[in-house]
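Undergrad: Taken in sequence, the protein lines are chains F and C. Residue 129 in numbering that gives the first Met the number 0 sits at position 130 of the first sequence, with consecutive numbering throughout. Residue 50 in numbering that gives the first Met the number 0 sits at position 51 of the second sequence, with consecutive numbering throughout.
There may be inaccurate statements among the hints.
Some chain F residues judged to face chain C by a derived CB distance under 7 Å, without partners named [unchecked claim]:
hint, residue
1, Met0
2, Ile16
3, Pro19
4, Gly20
5, Gly24
6, Asn28
7, Gln177
8, Gly253
9, Pro267
Within a straight-line C-alpha distance of at most 30 Å, the following computed DSBU-like cross-link-like pairs (lysine-lysine) qualify [said to hold, decoys possible]:
hint, chain 1, residue 1, chain 2, residue 2
10, C, Lys55, F, Lys180
11, C, Lys7, F, Lys242
12, F, Lys41, C, Lys55
13, F, Lys223, C, Lys32
In short, the hints are calculated from the structure, not lab data. Where is the CB? At the ideal position from N, CA and C, for every residue including glycine.
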Amino acid sequence: MHPLADKYIRKRTLPLIFCPGCGDGTVLNVFLRAVDDLGIFKDLALVGGIGCSGWLPTYLQSDVLHVLHGRAIPFACGLKLTDPRRKVVVFTGDGDCVGIGGNHFIHAARRNIDLTVIMINNGIYGMTGGQVAPTTPLQGRTQTSPYGNLEPPFDVCELARSAGATYVARWTAAHPVQLLKTIKEGMEHPGFTFIEVMAQCPTQAGRYIEGTSNAGELLNLLKKRSVAREKAKETPPEEMTGKFVVGKLHHLTGKKEFSQAIYESFPPEKSR
Amino acid sequence: MKASPRKKAAKEIVIDDQFCKGCNLCVEVCPRKVFSASSRRSRSGYSMPQAEDPGKCSVCFLCEMTCPDLAITVIEENP
Chain F
0 MHPLADKYIR
10 KRTLPLIFCP
20 GCGDGTVLNV
30 FLRAVDDLGI
40 FKDLALVGGI
50 GCSGWLPTYL
60 QSDVLHVLHG
70 RAIPFACGLK
80 LTDPRRKVVV
90 FTGDGDCVGI
100 GGNHFIHAAR
110 RNIDLTVIMI
120 NNGIYGMTGG
130 QVAPTTPLQG
140 RTQTSPYGNL
150 EPPFDVCELA
160 RSAGATYVAR
170 WTAAHPVQLL
180 KTIKEGMEHP
190 GFTFIEVMAQ
200 CPTQAGRYIE
210 GTSNAGELLN
220 LLKKRSVARE
230 KAKETPPEEM
240 TGKFVVGKLH
250 HLTGKKEFSQ
260 AIYESFPPEK
270 SR
Chain C
0 MKASPRKKAA
10 KEIVIDDQFC
20 KGCNLCVEVC
30 PRKVFSASSR
40 RSRSGYSMPQ
50 AEDPGKCSVC
60 FLCEMTCPDL
70 AITVIEENP
């Protein structure tokens with residue numbers, strides 16, 4: 000076992016439930032490193048929704064809420080408002096965040112409440128058996144779109160930015176070093192932080208959409224499809240089909256944070 | 000210009016049999032090709048990767064960070 004796992008993980012829950020080669024484990028690995036580097040493990044309050052990625056926080060020896068499908072962000076808002084000193088991190092999947100809980104997501108982004116939302120995007124509802132998700136690529140074959148998906152997918156980072164999130168970044172499971180830097184920066188950022196991690200799902204998305212269940216091949220595909228932000232500006236849009244932009248996409252400082260605004264308007268001494 | 004970096008080397012690369020699920024992502028991500036797939040089975044029945052020659056390792060920790068089961072530990076020589 001890695002020393003970091005020894006330090007932070009609940010040992011009786013091991014091994015992790017994820018399928019071999021799942022990108023979720025990489026995110027857990029990188030998150031542990033970020034928390035260890037920042038030294039904020041005691042202040043953490045983690046929230047996980049339903050889905051494979053919702054299981055991530057339950058492995059850590061910190062305060063954890065594992066809540067209803069799509070409702071991870073509302074629970075996290077409550078946690079943050081009861082004690083703004085908490086570092087609240089939400090682990091959510093693409094189906095959980097923008098499928099079932101899309102409305103909660105855009106309104107939390109609009110309020111600019113100080114949460115770190117780490118959305119792991121594998122493009123499919125993996126745990127429930129491979130149904131089509133709002134992020135499934137066009138023409139992707141899934142259990143509920145056997146003739147190819149006809150609905151264009153969400154660009155979730157663009158959605159977060161336009162809804163009012165102040166820190167938006169996207170990386171893939173093939174960029175752990177960059178992801179580590181982004182998670183550290185995002186957790187320090189006072190405001191709504193949205194980090195999308197494109198991850199491979201060998202069991203469902205890999206097998207049905209990409210046609211391979213080899214995790215290494217899927218990781219290389221992710222790497223091939225990611226285009227750096229600076230390079231994407233020069234690339235014509237027709238070459239960007241099927242690809243996605245990675246990097247820090249939006250960073251805005253100076254916008255009022257919600258829990259701070261609430262505590263300024265209603266100071267605890269006065270309301271008593 | 001950066002000062003010439005000290006050449007880093009790995010003393011040992013430990014792969015935990017109990018947690019490794021044999022996805023072979025480490026074989027894929029390692030830039031120096033330290034890992035290779037093997038036919039050795041762990042107790043839970045997964046084919047384990049092997050790190051035969053840690054001398055090739057440049058201690059970039061990519062395998063450690065990518066490993067989804069936190070099963071790899073790269074021990075650096077006099078860190």
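Undergrad: Taking the hints in turn, state whether each one holds.
TA: Verification of the hints:
no., hint, verdict
1, Met0, "5 Å, holds"
2, Ile16, "11 Å, violated"
3, Pro19, "4 Å, holds"
4, Gly20, "3 Å, holds"
5, Gly24, "2 Å, holds"
6, Asn28, "6 Å, holds"
7, Gln177, "11 Å, violated"
8, Gly253, "33 Å, violated"
9, Pro267, "41 Å, violated"
10, Lys55(C) to Lys180(F), "27 Å, holds"
11, Lys7(C) to Lys242(F), "36 Å, violated"
12, Lys41(F) to Lys55(C), "38 Å, violated"
13, Lys223(F) to Lys32(C), "20 Å, holds"
Violation of the numbered hints given earlier is confined to hints 2, 7, 8, 9, 11, 12; the remaining hints are satisfied by the structure.
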